[in-house]
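On the provided structure of chain A, position chain B as indicated by the hints.
Top to bottom, those sequences are chains A and B. All residue numbers for the first sequence refer to the numbering used here, where the first residue is 1 and numbers rise by one. All residue numbers for the second sequence refer to the numbering used here, where the first residue is 1 and numbers rise by one.
Everything labelled a hint here was simulated from the structure, so no lab data went into it. Just to be clear, a hint being listed does not mean it is correct.
Pairs involving identical chains hold if they fit within one copy or between any two copies, as the list cannot separate such chains.
Said to hold, decoys possible - DSSO-like cross-link-like pairs, simulated, lysine-lysine; straight-line CA separation at most 27 Å: (1) K59 x K308; (2) K280 x K24; (3) K11 x K280; (4) K24 x K252; (5) K280 x K59; (6) K2 x K24; (7) K212 x K274; (8) K11 x K308; (9) K347 x K269; (10) K347 x K222; (11) K83 x K2; (12) K269 x K24; (13) K105 x K241; (14) K86 x K346.
2 protein chains.
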Amino acid sequence: MKIAVASETDKTEPRVAATPETVKKFVGLGAQVAVQAGAGEASRIRDSDYADAGATVAKTADATLKDADVVLRVRRPSAADAKKMKAGAVVVAVMDPYGNEAALKGLADAGVTAFAMELMPRITRAQSMDVLSSQANLAGYRAVIDAAAEYDRAMPMMMTAAGTVTAARVFVMGAGVAGLQAIATARRLGAVVTATDVRPAAKEQVASLGAKFIAVEDDEFKAAETAGGYAKEMSKEYQAKQAELVADHIAKQDIVITTALIPGRPAPKLVTRKMVESMKPGSIVVDLAVERGGNVEGSKAGEVVVHKDVKIIGHDNVPGRVAASASGLYARNLYAFVETLIDKDKKALAIDWDDQLVAATVLTREGKVVHPNFGGAAPAA
Amino acid sequence: MKIAVASETDKTEPRVAATPETVKKFVGLGAQVAVQAGAGEASRIRDSDYADAGATVAKTADATLKDADVVLRVRRPSAADAKKMKAGAVVVAVMDPYGNEAALKGLADAGVTAFAMELMPRITRAQSMDVLSSQANLAGYRAVIDAAAEYDRAMPMMMTAAGTVTAARVFVMGAGVAGLQAIATARRLGAVVTATDVRPAAKEQVASLGAKFIAVEDDEFKAAETAGGYAKEMSKEYQAKQAELVADHIAKQDIVITTALIPGRPAPKLVTRKMVESMKPGSIVVDLAVERGGNVEGSKAGEVVVHKDVKIIGHDNVPGRVAASASGLYARNLYAFVETLIDKDKKALAIDWDDQLVAATVLTREGKVVHPNFGGAAPAA
Numbered sequence: 001m002k003i004a005v006a007s008e009t010d011k012t013e014p015r016v017a018a019t020p021e022t023v024k025k026f027v028g029l030g031a032q033v034a035v036q037a038g039a040g041e042a043s044r045i046r047d048s049d050y051a052d053a054g055a056t057v058a059k060t061a062d063a064t065l066k067d068a069d070v071v072l073r074v075r076r077p078s079a080a081d082a083k084k085m086k087a088g089a090v091v092v093a094v095m096d097p098y099g100n101e102a103a104l105k106g107l108a109d110a111g112v113t114a115f116a117m118e119l120m121p122r123i124t125r126a127q128s129m130d131v132l133s134s135q136a137n138l139a140g141y142r143a144v145i146d147a148a149a150e151y152d153r154a155m156p157m158m159m160t161a162a163g164t165v166t167a168a169r170v171f172v173m174g175a176g177v178a179g180l181q182a183i184a185t186a187r188r189l190g191a192v193v194t195a196t197d198v199r200p201a202a203k204e205q206v207a208s209l210g211a212k213f214i215a216v217e218d219d220e221f222k223a224a225e226t227a228g229g230y231a232k233e234m235s236k237e238y239q240a241k242q243a244e245l246v247a248d249h250i251a252k253q254d255i256v257i258t259t260a261l262i263p264g265r266p267a268p269k270l271v272t273r274k275m276v277e278s279m280k281p282g283s284i285v286v287d288l289a290v291e292r293g294g295n296v297e298g299s300k301a302g303e304v305v306v307h308k309d310v311k312i313i314g315h316d317n318v319p320g321r322v323a324a325s326a327s328g329l330y331a332r333n334l335y336a337f338v339e340t341l342i343d344k345d346k347k348a349l350a351i352d353w354d355d356q357l358v359a360a361t362v363l364t365r366e367g368k369v370v371h372p373n374f375g376g377a378a379p380a381a
Numbered sequence: 001m002k003i004a005v006a007s008e009t010d011k012t013e014p015r016v017a018a019t020p021e022t023v024k025k026f027v028g029l030g031a032q033v034a035v036q037a038g039a040g041e042a043s044r045i046r047d048s049d050y051a052d053a054g055a056t057v058a059k060t061a062d063a064t065l066k067d068a069d070v071v072l073r074v075r076r077p078s079a080a081d082a083k084k085m086k087a088g089a090v091v092v093a094v095m096d097p098y099g100n101e102a103a104l105k106g107l108a109d110a111g112v113t114a115f116a117m118e119l120m121p122r123i124t125r126a127q128s129m130d131v132l133s134s135q136a137n138l139a140g141y142r143a144v145i146d147a148a149a150e151y152d153r154a155m156p157m158m159m160t161a162a163g164t165v166t167a168a169r170v171f172v173m174g175a176g177v178a179g180l181q182a183i184a185t186a187r188r189l190g191a192v193v194t195a196t197d198v199r200p201a202a203k204e205q206v207a208s209l210g211a212k213f214i215a216v217e218d219d220e221f222k223a224a225e226t227a228g229g230y231a232k233e234m235s236k237e238y239q240a241k242q243a244e245l246v247a248d249h250i251a252k253q254d255i256v257i258t259t260a261l262i263p264g265r266p267a268p269k270l271v272t273r274k275m276v277e278s279m280k281p282g283s284i285v286v287d288l289a290v291e292r293g294g295n296v297e298g299s300k301a302g303e304v305v306v307h308k309d310v311k312i313i314g315h316d317n318v319p320g321r322v323a324a325s326a327s328g329l330y331a332r333n334l335y336a337f338v339e340t341l342i343d344k345d346k347k348a349l350a351i352d353w354d355d356q357l358v359a360a361t362v363l364t365r366e367g368k369v370v371h372p373n374f375g376g377a378a379p380a381a
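Just chain A, with the same shape it has in the complex (with noise of 0.2 Å):
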């Protein structure tokens, strides 16, 4: 059995899928191990300490790829990329299914079995390979580093001979993962906190964290919470009333941090231009939500977007900015999920296409797409 970590084609990516600590677990599973060379340099890892670990360094992507039985990465391969794999190869990653069939179709039409690591389903068994939430930790703990960096005040309050700085006030919106360690990080540089989120749980957590709850606590709000633990789309009316109070709140922020996503959909917006517009000057706005279009009218993908005095922080791939920390996180979590395909006793991959786990993540096998949410038929059972 042998696995394979390429080094990224996307050269802004600096994460990588496996960490020496991994190779290690890997081969004592009975695996062979090929890293390619480089590949691990933009999260601090030596080719070195993955020889340590047991791996083989490999020069090229294709000396790396030849007959890997499992190919381990953090963006979707291309087509091209793909290519490279011998047949029915697996590849776990984060493979951003949502709009790119074509991309799938891609991965099918070479014969690869592709796994997409964040539809991983949010159960108990499944918490040590959840990719979302490992990097939606590190992104908002980046969020407000990122936010201090740009700030030109200092963030808690320092009490000195020439009198008093006050504390900045921060305002997270959107109390999952990211908001959570959001608000975690802000507290921790001695902020004043708040924050909001359509589910009324949040309110709890976000006390908990010492922050103060934003919302108006009307009766959908209070019914809002569903099962999966993720926000659904708030009514209209509900949005209106929200946005009134958020834009009071917002005029007196300090800074600003958006996390909200709703998955498969674009971010909703959040905070427009006359909110931006209401804020002091020198004041931060970072959306955490840029990729997938943004929860804060004037944001930019990959830019400090300067708007009236607001600074509005739109990083690309906020984890990555932690990289060495995020690829171990992400590397533990493709670890838990491929030790669960591999027959220990057999040392050869043996996946059970019953397992909840496998079924809820396989986007591509024997040539077709089969994930029933990317146009697929339902798996053989």
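For chain B alone, coordinates are given in the frame of chain A:
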């Protein structure tokens, strides 16, 4: 009595010497205050904010400075700047006098009375005037934010479903005001923090912030505390022993922040190239002494140098990187001092040349350099 706040002539200086808060107080003392248009812009203070506080906003430096009795600045004016002021005008700023005797002569020739805020005695009465402390405090905070922004891992330990992210190891060299705030900020962010200083008193302060003290604690160390609270230079023998201990320690750190300054002398070299090279890929060194020659071999003022996968951060004017906070504290320091030069009944300048604070800080007077440290005669009693 007219008080003038001109824009800084160094366009890279974002701080400003007065805020609406201090303008209001000066007006309360009976002063007319003129602020040059745009002077507060980089510190996020609008001309209208100054006007609301009672200042006149003047379009040009000439109009601002004309007939002013007191000129408030962040940095020493050039001779050309000083010539725009009336003879006998009081100029208060950070004068950077050491090694700049020619520039002081220029101020004397222009006929202005120049006060150097950084020469303020470190006595209780002058604590609120201590610009070195107020700005160093913010520099220490910002050093950690800059390090976190360049660092490609998270600072705190994070316990996640995908396992633990280990905390960053941060080593702060020099536990003065900047160092202590760097320790406090790194601790806030969840780092494991160690620190060192040549003064034994610092050990207790470091420990009180939750960091571990790293030093060769021999007899010389114990005797090294000086009356002024500053570090005196240690013997070659001590430096060698300490360097060895520090070298071993640095090799295990993720982030090193150096803050060692000796007044009027070049900064001591604390971190050699070899020590930098001993650090893991992706490690960070912040040299807060870079403008004084630097504590770190290879650091460059105004640059982030990458040396063998280690980033050496050498930003200029670090307090200016949190300009809005820095201006707020600096302006209060200036107000606290200038207030002592004013007769509140007569609403006019009334300088007591015998006052300890005046005598310690006055550089030029009546056409002459008068400060004994810079070739002047002792001030006339």
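Do the hints match the structure? See the list:
no.: 1; hint: K59 x K308; verdict: between (50 Å within a copy, 22 Å between copies)
no.: 2; hint: K280 x K24; verdict: between (52 Å within a copy, 20 Å between copies)
no.: 3; hint: K11 x K280; verdict: between (38 Å within a copy, 23 Å between copies)
no.: 4; hint: K24 x K252; verdict: between (51 Å within a copy, 23 Å between copies)
no.: 5; hint: K280 x K59; verdict: between (53 Å within a copy, 24 Å between copies)
no.: 6; hint: K2 x K24; verdict: within (13 Å within a copy, 74 Å between copies)
no.: 7; hint: K212 x K274; verdict: within (24 Å within a copy, 49 Å between copies)
no.: 8; hint: K11 x K308; verdict: between (33 Å within a copy, 21 Å between copies)
no.: 9; hint: K347 x K269; verdict: neither (49 Å within a copy, 56 Å between copies)
no.: 10; hint: K347 x K222; verdict: neither (50 Å within a copy, 63 Å between copies)
no.: 11; hint: K83 x K2; verdict: within (17 Å within a copy, 78 Å between copies)
no.: 12; hint: K269 x K24; verdict: neither (44 Å within a copy, 41 Å between copies)
no.: 13; hint: K105 x K241; verdict: neither (43 Å within a copy, 66 Å between copies)
no.: 14; hint: K86 x K346; verdict: within (21 Å within a copy, 92 Å between copies)
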